[in-house]
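Student: Now for the letters of each chain:
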Amino acid sequence: MSVLTVSNATKSFGKVTALAGASFDLEAGELLALLGPNGAGKTTLIRAITGRVRLDGGEIRLFGDVISGGQTPSELGVVPQDVALYPLMTARENLQAFGRLQGLSGKGLAEHVDWALEHTGLTDRDAEPIGRFSGGMRRRLNIACGIVHRPRIVLLDEPTVGVDPQSRDRIYDALAGLRATGVSLLLTTHHLEEAEARCSRTIIIDHGKVIAAGTLPELVDRTVGRHRLVTLRLDAPFDAAPLTRDSAIEIDAADPRVGRARLKDVGLELPPLLERLHRAGRLVEDIDVRGPSLQAVFIHLTGRELRE
Amino acid sequence: MLTLMRIAWTNLSRDRVAQAMTFLLPIIFFSIFALVFGGQRDVATAGIRVALVDEDQSELSRRLVDGLKKESGLRVRTAGGDDATGPALDRAAAERLVKNGDVPVAVVIPRGLGDAFGQSGFGGGPAIVLLADPSDPIAPNMVGGLMQKVTMTAAPDLMMQGGMRQFETHAGALTPQQRAAVDQWIPQLKPGATPGAAGAAPMGVTVQVVDVMRSGNQRGSLVSFYAAGTGVMFLLFSMVGAAGFVLLEEAESGTLERLLCTRIGMSGILFGKWAFLVAVGFAQLTVMFLWGSVAFGLPLFSHLGGFAVMTLATSAAAAALALVLATIARSRAQLSGFSTILILTMSALGGSMFPRFLMSETMQQIGLVTFNAWALDGYLKVFWRNAPVWQLWPQVAVLSGLAVVFLTGARILARKWEAV
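From first to last, the protein sequence lines are chains F and B.
Counted the way the numbering used here counts, the first sequence spans residues 34 to 341.
Counted the way the numbering used here counts, the second sequence spans residues -18 to 401.
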């Protein structure tokens, strides 16, 4: 069941077209990744969903109701890309402030604050001014402030930007915990491997349009196909081997001992290749077999790296 | 070195605020000071407002009244009504005009002056009284001097008659005793001679200056003038700084965006920020006046009601002004630059740096467009004129109106942060 539906959303700022007919659905309880290069329209789309951008055309429905610009629905929790917190206040004070602004008070506020602290793993640091917090802890508190009113949908704009891998894991653990309670999450990220590993579905947006959407296998099937990339490292350059003429292998320009081959069926095609190398007197020092990545899909669709 | 100069020049040429601070602000200040202090002659010719009471109704007093009315440096008012109509002023009404700040000085020609002048000549009889507001130190001195001039020019025949009688009185047949009397009198006519007990001028009329404003703590009352002037100027600076912090910094850090995603909305945010700034401004002025009370004897506790009303109205308007400036600015640096120019200009024109009575009539009228002038007038009414709270209504009304206008402007301009 779709909890959020974006249909043919268009928005221009002067001569700049930010959204050019973007459409997608967010299903109940899913963690959906929104990918796109800089300037693709991700933030405009997020802001339109929060009501902070009025669309020129199209519509956004939240639980079936059309969102009108200017007011953020209370079912939404918003986690901005900036760490938008009051640095001289403690974690608990920040949460209390944003909780009150969401209409919470009294015992209910205290319960929500405790829940948000626990969910983001900050309970034991709740009384400290956040000036002492690490980048990862601030990011988690940033999330906590966006979910303190227990929204049914959470929008996260680059929630892991600038944090170390351990902190990223903790953030995704917190998001997984939220998802387990039935909350639907939509996040933008520059970390393709995160989207690949942590999200149930991915949307790729470019030039204000959704150019692909689906699970990773679906995207792979539709784009680069299910080839495996096999990387071989030999004890000597490929040039000296008869395999040089084998058009299936691309020799690395920087290191001639390294070659790569795309194999449809690794089990069937790799053994004969290794046999040929052995017969040529080459020692295989290393083998790496990789499935098609989201990065490959992304480059295939947009023609560029995500960080461009 | 040339490279560094080129970098600095490029930065300056692209920073309009820095250009304004470097070139525009000094010109603005020079112009204001030139208009205020370079135009002192204009102040005199513009005319000092004087209330004139003729209790004597003698030939001499009528001539003095006519002479004073002809003085281009004075704007004489002899009737009670604002339009110079109505019954003739008496001493009490004239004193009220001074105390209310309608005129800086009132001249009272006392009963019996004409008779005494005819009998004893120079310096004889009751003194002409100048009822003065010493917050304007120029007016009483100028009017006193003009009194002497008018006495000399308006009644030369009467002076001569008095002088002859004085000669007969003092010289007579020039007996040894009379010679001694003349010898005793002559030195009193010499320049620099010690005047009589009431401040008599030996060759004119006796003028007595009466301060009608300060019956209690004189030093403390004067301190209030400076406390208000300084306090209002720094209130504006601190309000603008705080507005930059609570609005622009929040916009830059992203918390404003987050606040706008809650239920409060932009109107609620602005009102909340304004209420906070008003409270801070009230506390700031209270601390300043408390210090004035403790350290300089400012009579705060005997004027608490008026102080509270004026401080609330002033803080409300200052906070609203700061918010509208913050919504105009694109960054804290820009806010700091143009608000500095605006606040210093308003403070100079509005009387925070030097009293407005030093300015020409035109400049005083221009000063009324500033926030400072109304605030200072209110504080002067409270601490200097001991006005009851209800008499503060013009100042409170203007400051409240300004607060509403500024808040409305801030709300309109804050739409830039709302949904686009």
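In case anyone wonders, no lab produced these hints; they're calculated from the structure.
Think of the CB as a built atom: it goes at the ideal place given N, C-alpha and C, for glycine as much as any other residue.
Be careful, since some hints might not be right.
[Stated by the list, open to error] Computed far set for chain F versus chain B, every beta-carbon distance over 10 Å:
id	residue
1	Ala61
2	Ser107
3	Leu134
4	Gly139
5	Thr214
6	Glu229
7	Asp268
8	Asp298
[What the hints assert, rightly or not] For each label pair, taking beta carbons as the anchor points, the in silico distance ranges come out as:
id	chain 1	residue 1	chain 2	residue 2	range
9	B	Tyr207	F	Pro120	12 to 22 Å
10	F	Met122	B	Phe252	32 to 42 Å
11	B	Arg311	F	Gln328	34 to 44 Å
12	B	Phe10	F	Pro120	52 to 62 Å
13	B	Phe215	F	Pro120	21 to 31 Å
14	B	Val386	F	Gln328	52 to 62 Å
15	B	Ala314	F	Ser107	47 to 57 Å
16	F	Gly168	B	Ala314	46 to 56 Å
17	B	Gly253	F	Asp206	29 to 39 Å
Student: Would you mind marking each hint as holding or not holding in the structure?
Tutor: Evaluation of the provided hints:
{"no.": "1", "hint": "Ala61", "result": "holds, 22 Å"}
{"no.": "2", "hint": "Ser107", "result": "violated, 7 Å"}
{"no.": "3", "hint": "Leu134", "result": "violated, 4 Å"}
{"no.": "4", "hint": "Gly139", "result": "holds, 16 Å"}
{"no.": "5", "hint": "Thr214", "result": "holds, 21 Å"}
{"no.": "6", "hint": "Glu229", "result": "holds, 28 Å"}
{"no.": "7", "hint": "Asp268", "result": "holds, 54 Å"}
{"no.": "8", "hint": "Asp298", "result": "holds, 50 Å"}
{"no.": "9", "hint": "B/Tyr207 with F/Pro120: 12 to 22 Å", "result": "violated, 38 Å"}
{"no.": "10", "hint": "F/Met122 with B/Phe252: 32 to 42 Å", "result": "violated, 21 Å"}
{"no.": "11", "hint": "B/Arg311 with F/Gln328: 34 to 44 Å", "result": "holds, 38 Å"}
{"no.": "12", "hint": "B/Phe10 with F/Pro120: 52 to 62 Å", "result": "violated, 38 Å"}
{"no.": "13", "hint": "B/Phe215 with F/Pro120: 21 to 31 Å", "result": "holds, 27 Å"}
{"no.": "14", "hint": "B/Val386 with F/Gln328: 52 to 62 Å", "result": "holds, 57 Å"}
{"no.": "15", "hint": "B/Ala314 with F/Ser107: 47 to 57 Å", "result": "violated, 37 Å"}
{"no.": "16", "hint": "F/Gly168 with B/Ala314: 46 to 56 Å", "result": "violated, 27 Å"}
{"no.": "17", "hint": "B/Gly253 with F/Asp206: 29 to 39 Å", "result": "holds, 36 Å"}
The structure is inconsistent with the numbered hints 2, 3, 9, 10, 12, 15 and 16, although it conforms to all the rest.
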